Each structure stands twice: as structure tokens, then as C-alpha cells.
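Could you build all of it, start to finish, from the sequences and the hints given here?
At position 38 of the sequence shown (counting the first as 1) the number is 38 in my numbering, and the numbers step up by one without a gap.
A few of these clues could be false.
Claimed, not checked - With a Cα cut of at most 20 angstroms, we get these calculated SDA-like pairs of lysine to any residue: (1) K14 x R24; (2) K26 x E15; (3) K26 x R36.
What the hints assert, rightly or not - Label-pair ranges, simulated between beta-carbon atoms: (4) V17 x A47: 40 to 46 angstroms; (5) T35 x R59: 32 to 38 angstroms; (6) N60 x S33: 37 to 43 angstroms; (7) R59 x C22: 52 to 58 angstroms; (8) A25 x A47: 30 to 36 angstroms; (9) E45 x A25: 29 to 35 angstroms.
No wet-lab data here; the hints were simulated from the structure.
Everything numeric in this text was worked out from a predicted model, so none of it was measured.
Note that the Cβ used here is the ideal one computed from N, Cα and C, for glycine as well.
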Amino acid sequence: TANNANASTSVITKETVLRLFCERAKRAWQSISQTRLTQKIDCHEFANTNSRNDEQSARNE
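Below, the structure written as C-alpha cells:
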């Protein structure tokens, strides 16, 4: 019975460690993807502005 108690405690500890690790990894990944997302949006904005300028200059010619 003592062994069983120890075994279940170690399992809980492992699960807790895994859960904490996963949460930390998820948070890190979210901040990375958040950064990538803003960069992507900036690129799109830049591309849109450029294409608008190109259209404008094409009309002017």
C-alpha cells in the first residue's frame, strides 16, 4: 500500500511537471506566433500601400 501511494504521488508529480512544461511551451509559442502575426500584418499593409501607389502612378502616366 505504501508503494502504491508513492507510485501515485510520483505520477501526479510527473503530470504536474508535464502540465507546467506544456503551459510554458504554449505561452512561449503564443508569444512567438503573436510576433509573427504582427509582422505578417505589417507586410500585408506594406504590400497594399505599395500596390495602391503603383495603381496611382499607372493612372497618372
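Inset, instruction - May I ask which of the numbered hints given earlier this structure violates, with the numbers listed in increasing order? - result: none
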